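Chemist: Listed in order, the protein sequences are those of chains A and B. Under full-length UniProt numbering, the first residue of the first sequence carries the number 1, and numbering increases by one thereafter. Under full-length UniProt numbering, the first residue of the second sequence carries the number 1, and numbering increases by one thereafter.
Simulated from the structure, these hints should not be mistaken for lab results. Being a predicted model, the structure only gives us computed values, none of them experimental. Some clues are possibly wrong.
Below 30 angstroms or equal to it, Euclidean Cα-Cα: the simulated BS3-like pairs (lysine-lysine) are [unchecked claim]:
{"id": "1", "chain 1": "A", "residue 1": "Lys421", "chain 2": "A", "residue 2": "Lys68"}
{"id": "2", "chain 1": "A", "residue 1": "Lys68", "chain 2": "A", "residue 2": "Lys361"}
{"id": "3", "chain 1": "A", "residue 1": "Lys73", "chain 2": "B", "residue 2": "Lys51"}
{"id": "4", "chain 1": "B", "residue 1": "Lys51", "chain 2": "A", "residue 2": "Lys68"}
{"id": "5", "chain 1": "B", "residue 1": "Lys49", "chain 2": "A", "residue 2": "Lys68"}
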Amino acid sequence: MTAQLRPSPAACPACVAVPAQPARPVPEDVQIALSLPGIHCSACISTVERALQAHPGVEDARVNLTLKRALIKAGPELRAADLIPVLERVGYEAHELDPGTLNATRTDRAGRDLLMRLAVAGFASMNVMLLSVSVWSGASDATRDMFHWISAAIAMPAIAFSGQPFFVSAWGALKAKRLNMDVPIVLAIVLALVTSLWETSLSGEHAYFDAALTLTFFLLAGRYLDYRTRAVARSAAEELAALEVPRAIRLQDGVETEVAVAQLAVGDLILVRPGGRMPVDGEIVEGRSELDRSLLTGETLPIFAEPGLVVSAGEVNLTGPLVIRASAVGQDTSLHRMADLVAIAESGRSRYTSLADSAAKLYAPGVHILSALSFVGWYLYSWDVRTALNIAAAVLIITCPCALGLAVPAVTTAASGRLFKRGMLIKHATALERLAEVDTVVFDKTGTLTAGTPELTNLGDHRRADMEVALALAEASSHPLSVAITRAARAAGLHPARIDDVTEVPGFGTEGIWQGQRVRLGRAAWVGAEQAAQTSAWLAVGDRAPVAFLFSDALRQGAEETVSGLKAAGKEVLLISGDTTGAVEALARRLGIETWMAEALPQDKADRVQALANAGKRVLMVGDGLNDTAALAAAHVSISPASALDAARVASDIVLLGTDLSPIAGACDTAVRATRRIRENFRIATVYNVIAVPLAVVGLCSPLIAALAMSTSSITVSLNALRLR
Amino acid sequence: MEVLTILIPISLILGAVGLLAFVYTVRSDQYDDPEGDARRILSGDWDDKPKP
């Protein structure tokens with residue numbers, strides 16, 4: 001059964017072209033990556049692995065359930081397209097992923113590095129704590145000194161290794177003459193080590209080796225959580241990008257070659273099949289078809305395409321094959337220029353100060369002043385540098401932002417995890433905080449509130465015979481309007497009429513002979529009718545006046561609930577679209593949106609969002625098209641569906657992974673609660689400081705109290721974060 | 001107190017062994033798919049002999 005799936009050389013166009021390429025390197029084993037959104041259990045793992053391994057040419061297959069991916073090592077002749085049907089036969093949806101795009105995440109060096117440092121700090125602090133507990137429970141004289149020396153021998157190298165992220169960041173901040181959270185951290189760690197060494201060499205009573213290590217451990221834990229959240233979001237975002245395998249079909253002396261889009265050059269002839277997306281900007285040289293520009297302009301009506309028409313990358317070819325001559329490739333395409341605009345708009349957003357940053361701005365100078373004051377105070381009181389330095393170190397350790405460092409990452413990790421399970425991907429670190437402040441929501445129409453697939457609205461208006469003819473003609477075409485007619489007619493229980501000589505005329509429609517008369521289904525001008533304002537297809541039977549089939553855009557799943565949910569939560573909802581007034585007004589009325597704006601150019605959208613922002617509103621922009629990208633970047637926070645163009649996804653802070661819109665309303669709620677938890681955590685950390693700092697300043701804080709206070713506050717903060725539902 | 005000369009090295013060695021074991025698990029990619037690994041233990045595949 002699997003034998004027939006072996007790719008025969010003649011069946012694949014790329015294989016035919018292989019001999020034409022000179023000096024091709026010896027084929028090596030290939031890595032194929034497949035995305036498997038449907039797997040969820042141990043049975044899935046073994047079914048998928050067994051099915052893949054049974055396929056000839058597969059050397060090894062391993063499923064990663066966490067990432068919902070399969071990595072396959074295969075012989076050189078095997079391609080992902082051969083394996084997808086294998087998995088579909090055992091009941092799993094599979095998509096090819098571009099291994100080149102995924103490679104970046106596979107070796108996660110930074111994460112592993114952080115984990116190693118965390119482990120070293122953890123194990124070292126356990127050992128030192130063992131010795132410290134013996135000291136606290138009464139070890140004295142030579143024994144205590146020995147314990148302190150052993151602690152020092154463990155703590156010094158352990159901190160030198162695991163504290164590096166803090167040292168580097170603090171040094172960077174100081175070089176730029178700024179203060180960040182890491183400066184007091186490094187100062188506390190270094191001062192604790194120095195005074196403890198000094199105390200130990202004088203066989204003193206108090207040493208803070210354990211405090212310095214636990215501090216490093218807790219702070220690294222916060223940093224690692226933060227990193228994990230972002231790495232998960234990044235790898236999922238990369239997976240979305242990798243889903244669009246960038247390939248194009250290049251025509252060379254009449255031979256079709258499948259090449260990577262990156263290899264295309266200006267002047268190349270490129271074949272775009274129906275359903276395919278324009279890989280580059282260019283001009284049509286051959287073929288007639290219709291183009292769907294909705295992702296670029298928001299218009300739902302397809303435009304007619306014929307030789308001479310200029311096309312932009314990102315437009316979708318609907319009916320007939322087109323040959324285009326590339327006029328701009330790669331970075332020069334209009335798609336990329338738009339993405340550059342976004343980068344400029346985004347730099348404005350980075351002005352947002354996160355809660356953690358504003359806390360650090362208050363906190364860092366305060367801690368330094370407090371510690372310096374207690375040093376000066378004690379020095380003036382006792383004229384003893386050693387005592388004064390000890391107190392100053394104790395103050396720094398007690399106030400060290402252990403809980404502060406965990407307060408934000410623990411909550412965002414919990415919240416991002418919850419939202420990810422509901423199908424939302426938080427891409428930006430401060431997106432949750434910004435989402436919590438939103439009071440105005442701006443929606444794009446085409447592809448966002450609507451699914452981008454047309455729906456037949458006037459099925460009942462036609463005679464049964466007309467419908468049967470239309471169904472027969474529609475079934476011969478894969479044009480979206482034909483598909484919509486087929487779906488509606490089949491659902492109504494109709495059967496197609498018998499029609500002979502059915503042919504599709506790309507760019508115009510389908511025609512055939514029915515009961516001796518010519519019948520046509522297609523564009524208004526082609527069948528001899530006036531173009532209607534609404535999306536329509538016309539049916540002409542013989543010489544009878546043509547009848548119109550009218551379409552509206554189908555609503556996206558969850559659109560109604562989302563709009564009503566957001567309005568119920570007291571948010572203002574707006575609709576801004578590039579589509580015609582009639583279509584936008586109809587949708588606005590259907591969803592109960594009072595404020596709407598039609599025929600908006602990309603700049604209009606961005607200006608409107610900017611105007612709202614200037615009026616003091618916090619705008620959430622939800623959009624998917626290229627015409628939305630500037631508005632997405634200008635908004636306070638932005639969401640785009642996974643079906644959006646790459647440029648729009650890059651510009652937005654949050655990506656909706658499923659087709660359903662309804663998680664949006666819930667996400668606003670989760671964001672508000674997450675921000676409340678973060679503030680709560682700050683308060684917990686402050687309360688603990690208010691209690692512990694006076695003890696440290698008056699010199700009553702022993703290393704035991706410091707260790708207890710630090711661990712308690714860190715654990716309280718983490719547990720509080722986990723309460724988030 | 002002589003017992004300390006034995007106990008302290010033991011505690012240090014145990015700590016080092018723990019750390020080395022952890023470093024080994026990180027190096028050999030054992031945290032790449034925590035969810036999958038948790039479920040693989042339930043499947044009967046390769047119970048008799050290890051995967052070649």
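Chemist: Does each hint hold? Answer for all of them.
Modeler: Do the hints match the structure? See the list:
no.: 1; hint: A:Lys421 with A:Lys68; in the structure: holds (13 angstroms)
no.: 2; hint: A:Lys68 with A:Lys361; in the structure: violated (41 angstroms)
no.: 3; hint: A:Lys73 with B:Lys51; in the structure: holds (15 angstroms)
no.: 4; hint: B:Lys51 with A:Lys68; in the structure: holds (21 angstroms)
no.: 5; hint: B:Lys49 with A:Lys68; in the structure: holds (26 angstroms)
When the structure is compared with the earlier hints, a violation turns up for hint 2 alone.
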